[in-house]
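Spelled out, the chains give:
Number of protein chains: 4
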Amino acid sequence: MAFGRFQDFLSGLVKRQRGLFFTGSEEASIDELLDKLMGTVGEVSAIVTARQVLDHYDDLTDDHKLGFFKNLEQNYNANQVAVKLAFEAYDEEPSSTNLNKLSKAAEPMRHELLRRLNSTPDAAHNLVGMRTDLRNYLRDNPELNSVDEDFVRLFSSWFGRGFLVLKTINWSTSAAVLERIIRYEAVHEIKDWDDLRSRIDPPNRRCFAFFHPALVDEPLIFVEVALLKDIPTSIDSILEDKGTGAIDSSEYSTAVFYSISNCQPGLQNISFGNFLIKQVVQELQGEFPSIKTFVTLSPISGLQAWLDTKTDLETPELIDLKNQVNALSLNKEATEEHGHLIKQVVFNYLLQAKKGKYPADPVARFHLGNGAYVYQLHTGADFSKKGLSQSRGAMVNYMYDLRYIEINHERYAIDGDIEFNDKLKSLLLEP
Amino acid sequence: MAFGRFQDFLSGLVKRQRGLFFTGSEEASIDELLDKLMGTVGEVSAIVTARQVLDHYDDLTDDHKLGFFKNLEQNYNANQVAVKLAFEAYDEEPSSTNLNKLSKAAEPMRHELLRRLNSTPDAAHNLVGMRTDLRNYLRDNPELNSVDEDFVRLFSSWFGRGFLVLKTINWSTSAAVLERIIRYEAVHEIKDWDDLRSRIDPPNRRCFAFFHPALVDEPLIFVEVALLKDIPTSIDSILEDKGTGAIDSSEYSTAVFYSISNCQPGLQNISFGNFLIKQVVQELQGEFPSIKTFVTLSPISGLQAWLDTKTDLETPELIDLKNQVNALSLNKEATEEHGHLIKQVVFNYLLQAKKGKYPADPVARFHLGNGAYVYQLHTGADFSKKGLSQSRGAMVNYMYDLRYIEINHERYAIDGDIEFNDKLKSLLLEP
Amino acid sequence: MAFGRFQDFLSGLVKRQRGLFFTGSEEASIDELLDKLMGTVGEVSAIVTARQVLDHYDDLTDDHKLGFFKNLEQNYNANQVAVKLAFEAYDEEPSSTNLNKLSKAAEPMRHELLRRLNSTPDAAHNLVGMRTDLRNYLRDNPELNSVDEDFVRLFSSWFGRGFLVLKTINWSTSAAVLERIIRYEAVHEIKDWDDLRSRIDPPNRRCFAFFHPALVDEPLIFVEVALLKDIPTSIDSILEDKGTGAIDSSEYSTAVFYSISNCQPGLQNISFGNFLIKQVVQELQGEFPSIKTFVTLSPISGLQAWLDTKTDLETPELIDLKNQVNALSLNKEATEEHGHLIKQVVFNYLLQAKKGKYPADPVARFHLGNGAYVYQLHTGADFSKKGLSQSRGAMVNYMYDLRYIEINHERYAIDGDIEFNDKLKSLLLEP
Amino acid sequence: MAFGRFQDFLSGLVKRQRGLFFTGSEEASIDELLDKLMGTVGEVSAIVTARQVLDHYDDLTDDHKLGFFKNLEQNYNANQVAVKLAFEAYDEEPSSTNLNKLSKAAEPMRHELLRRLNSTPDAAHNLVGMRTDLRNYLRDNPELNSVDEDFVRLFSSWFGRGFLVLKTINWSTSAAVLERIIRYEAVHEIKDWDDLRSRIDPPNRRCFAFFHPALVDEPLIFVEVALLKDIPTSIDSILEDKGTGAIDSSEYSTAVFYSISNCQPGLQNISFGNFLIKQVVQELQGEFPSIKTFVTLSPISGLQAWLDTKTDLETPELIDLKNQVNALSLNKEATEEHGHLIKQVVFNYLLQAKKGKYPADPVARFHLGNGAYVYQLHTGADFSKKGLSQSRGAMVNYMYDLRYIEINHERYAIDGDIEFNDKLKSLLLEP
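Residue numbers (the working numbering), protein chains in the order written: chain A, 122 to 552; chain B, 122 to 552; chain C, 122 to 552; chain D, 122 to 552.
Here chain A stands alone, though its shape is the one from the complex:
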């Protein structure tokens, strides 16, 4: 059966037509190309011009990229008169018809511009990259947040959940994908192809990633899993196993999610990670009926930063606790000796340090927001340089219990409630 991706067809069109339509115009500035893109009628012209814009963009210097986004922010808004007229009609008679007219009039032209750019083959790669750039300018150019919002609104629609595909990553996966897994691993670095193989090939290891058809070979997010007989208390036992710990597949009781990496900074705030672990749990349950426990082994990446700050809202007890921990040396011995103290400060950090109503710690936000709860704390669990300096060597097990996930998620989403194992309660200081 002959198959043909429409993208491949368009690619052919772009290549062949480029010569026909654009001799000479290669010299056009990117702003002129944008004008042309918005003015064109022909569909083929549009996709050829869109490709030109995207290629041109890639060659821009940092300064010119900033200029490009400023142009988007300033010159691709709306026709103010049309908006006013549409509003007045709506204000007089707020019918659905008038609302729709207003909605269209008030739609930033950037939306149409991004849609037209997206009509050219492989534009998704370029546009995700474009937003990655854009986010670097936001701090110093807050007005560009409008442009970022437009990207988010369109990406949310294009990267809809219905298109996501979960794939197993293993030694049969293509090198093109595996190379990116090595590159994107953000929690526990993968040193080389041998190290990669030790994480995805042994029978007691699994790796899963979400993909999207518009981003060929590009994982969006992936999780590495270790299959074990017990909940692990340190990361080294996992990273150094190399498959020697494999046992008969019916004896595994526990799946540990020990590394979760988001791959596409350009897709920040486009949510799909919150379904990843739930789907992986389901896949693993199907393959290994004996596994009943699904936990993470997670870093506490914001701990030290929080220890280093003080706010007026903290109780004297908490301040005292933080001071005690800060006084400890950052080495293995001190960490082992003062395990209980560290455990106490970790738990109070997770529960009391907030960003709005949610936890300040990003990893905690991710798992608690997914409906997991805080199950166990381990000190002396990660003696890597990063582990000591960020988390005082401590790690957390967040527990994914499918029975409670939805209720936990709702409570968390509405009230910021954090569920935890009762046994940890005694660690909590009065807030």
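Keep in mind the hints are simulated off the structure, nothing from the lab. Heads up, the beta-carbon is just placed ideally off N, CA and C, and yes, glycines get one too. Just so you know, not all the hints are guaranteed correct.
[What the hints assert, rightly or not] Have a look at the derived ranges for each label pair, beta carbon to beta carbon:
| # | chain 1 | residue 1 | chain 2 | residue 2 | range |
| --- | --- | --- | --- | --- | --- |
| 1 | B | L523 | A | N192 | 34 to 40 Å |
| 2 | A | D322 | D | G407 | 58 to 64 Å |
| 3 | D | F504 | C | G407 | 37 to 43 Å |
| 4 | C | T182 | D | D156 | 49 to 55 Å |
| 5 | D | V162 | C | K476 | 55 to 61 Å |
| 6 | A | D152 | B | G364 | 53 to 59 Å |
| 7 | A | T365 | C | K350 | 44 to 50 Å |
| 8 | D | G407 | A | Q406 | 45 to 51 Å |
Please build the complex by placing chains B, C and D on the supplied structure of chain A, with the hints as guidance.
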């Protein structure tokens, strides 16, 4: 390698969770379910509720469906106060920030509602069906056009071109798809599976369709092609061939698109047909380098309806011509005897009968809008009942010449210009 | 990723080279072509000549086909002198080296001939068809059994089990395969595409087939399965269900294999059927953990033929029983009235009628040889014309209990032992 | 659609049944297991025992492996009495029936033994490995050649051409395959994954391999190709390009096969390599119509070994030429300075050094046997250590001209004729 469609995972979730969350609420009205859908926080709850809405909708009577759309039209607009405030801020300072805020405030809540419905598995099938229903109410309930517009805006984004996949339809295609080809054929009826086979299996026949990943097994539009040594002058020679006309593949000179069917009324105005033939031309060129001519053999489906009407804008000569043709009997003999007269009326119909600046004939609009031009007219080309009664037995070859497609398309799109073969010029009456 | 079947490449070669090598020789007789095939050195020439032989064979009349096989039988044996010399060397010193030499000298040249024919693309289809023809000549030309044996020896190697692929046949299967399922169904005729759909599409029906990569789109053997809550007592309840009996998938307790068809007469005696049901049982267990019972509902296709014969070995009691049944009318009423009598004759037929040490009934031979045992007999179970005339309306459940399959199979294979349900024991006459 | 490899089903069977059937017998010696395998009736028992034999074999020491093969050679021949009787019947009446009986009686039991071993899942890997071992014993145990012959006869049938699949090897290929490409490259070593990528990923590089369904992830033979504008004169320009030489795909004129590696020593003498390049030529012609020249850039791996030997058959002129070259230093400078001399010795080596009627050089045998001809010689083409020491830095272009391949192949196969470019004629000494 384990693969998992996210849709399959969500389906499992919906099945398992329905019992958990919704005991009792099965009795909720569809309006209450919509309220619930818009109020929910939990992601799983949302996709379960969405599925309930869609299932509930399917069980509604026609009257209740109309009520459902009226509810959408009346109660899912926007917060009028918020719109007013957003407009005032924008009016005072028309920054991109304020525009974005206005744009969001003025977005009809229907958009979010449709997005939430679309989060549940296989929602695309349901929503396309929903719009099919909706279109039936538009004539008598013009206010529902607002709702239809919202469907169009969201469908345009979801059914983006980048996702379309062209597939060959042949005897190796699944029965699930072939059954729909039989059902959806709109031009020359397919009588049974044997008739189908005679159109897709012989070496001198081809069939291509566009598919979209969210609509599994559902062709969006398909075209049937005959490979020949000459441009055909009648449809019967094609429909009755049954493959006996197959010759050595290097001897074909002409590909004839003799039937094009849109399959999804719920996707009307979402354009993808205009790329279908261009991509098929490219596929055929790759497979058969000897084929240089790509034409349609098309009905003139609006001819008789136009003959039956009169307008003040018509010249006396045209009126006279129409009268002469109307006086002819609707049978084979009369049609053959007065070939030239019919040819004349057909050509003037194609060029002069307008809907706005474009041709009144829908098939002409499709092909001319694609960049084809009128190449030849044939009388006595289709003696089927439908052929005689709609088109006086006449048919048209629209020519797809890739060199001129883009320029033809642009002229047509901007000015409504219709290109035609010079040899036809003498048939034209002064307008 | 570019893939290329080697067969497709060879097909291209054959097409292109045919003109180059064989202008003129199209007139060669098939015997001359065989000579040429055995004499050629060039590999491309060999595959082109092989294709010519196969095409030429297809055009032969029945008489000439018989002549073709006689030629194979008479003229493609061995060099008698070489055999004699090789034997003498072996006889003198029966070393492995001398045995190998003798083995090669005594290999009928037909083997090499068939191997060379099989080097051309799609030869498998032709050779299987060739043996189908051959089997028709065996009765009147018993010397051709040698040729048949050579086919069997080579087919056994080419159609090795390791290549068999089990596929689900359902409404997503290609029309090219489904058409053959309709054609090959040998037990309960499939009337048309709607009837087919009712057997493979409903959620309480399944169909599985074995395929081989060299026979594209050609099922080798297939089985139709009904999922039920109880062991069925008649075939009509299954054939007329049309899916209305579908229940929640967790409630099925029983899988019934109600139709098993061998598709390729040319592959007779090449065993693979004996693994089909075992693998299907395994697939169904995976999908439906609630199904614990796997039985057939099988015809007793040799019953009436046996009733019509008499042998000296039969006891007076058995002859009397047969006479009583033969005296019954062949209609529904008589069959229902004398159920017990029919049951008795059926059971004694299954256990006492023999072909060598194995049962005379071919269906019984298949299932008992697979390790199943006789579980239940049903009278009034198939009132179709064929059912009444072949089996007096009776059917059998053969039970597949995976725990006993291997031991049953061994006992049956070695001693011809037939296992049955103890409850049936009272039906047995003294042999 | 559910698919199930029969192999996977058998694997499950073997796992589950092993416990049932073989408790205790794990201790059986491999010779006892072979006895059991030949004696068993049950099909499941047979595939379980076969797996036991293969696993047991893997654990044997070298000495015991030799013992295993000696056992095969001595004890799995034929029933001498049966052979004698069959011969006598045949000798008296040499009918096809009697020949077939003799053929079966004289078939070494090793054949049936290997067939039974091959019935167990993944046996192909084991048996290919077994023959790899066997070949190491042949020199010192020439009687084992009988066993090797039996392997060859069965492998020839199992690894029939019709099953070979050509796949493109590129950066989208699975790591499991790529890892083997690195390992099996036998001509120009691949240093690491980056080096691999530079050979398969750039647009001006291609790699193709033959695979067989029974050897999952195992390439049988692969070829690396460089796309160029000219025939290259040295290997370094190819190995060091890293894709920087990529040009517009329509500008390539030449495909260079610069490395061909056989991967499976256990499949030696099972021919499929001779079709690899022809099929690759066809694939490349389809993708790059501008490529008209298909040549190798090949080492002359036997040159120095030949220079180091003398035979009585050599003319004084040839001996003199060899002496001159042997007197040269093995370094870049000497090689460059005496280019013509080296060219002369190379050409006379290729044409005059023989093994039987064919060239002594293994690379020459491969390409000339494929129908290629000697097109150009390059000195100073490979300054690697291996290149200098084996070939005096020289390389050959063998030309694949599809018009002459078959005729060249036939002449070569029948008479050992070597075709070469007329321009090289002057280099030839009188033989």
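Outcome of the hint check:
no., hint, result
1, B:L523 with A:N192: 34 to 40 Å, "holds (35 Å)"
2, A:D322 with D:G407: 58 to 64 Å, "violated (36 Å)"
3, D:F504 with C:G407: 37 to 43 Å, "violated (60 Å)"
4, C:T182 with D:D156: 49 to 55 Å, "holds (52 Å)"
5, D:V162 with C:K476: 55 to 61 Å, "violated (19 Å)"
6, A:D152 with B:G364: 53 to 59 Å, "holds (57 Å)"
7, A:T365 with C:K350: 44 to 50 Å, "holds (48 Å)"
8, D:G407 with A:Q406: 45 to 51 Å, "holds (46 Å)"
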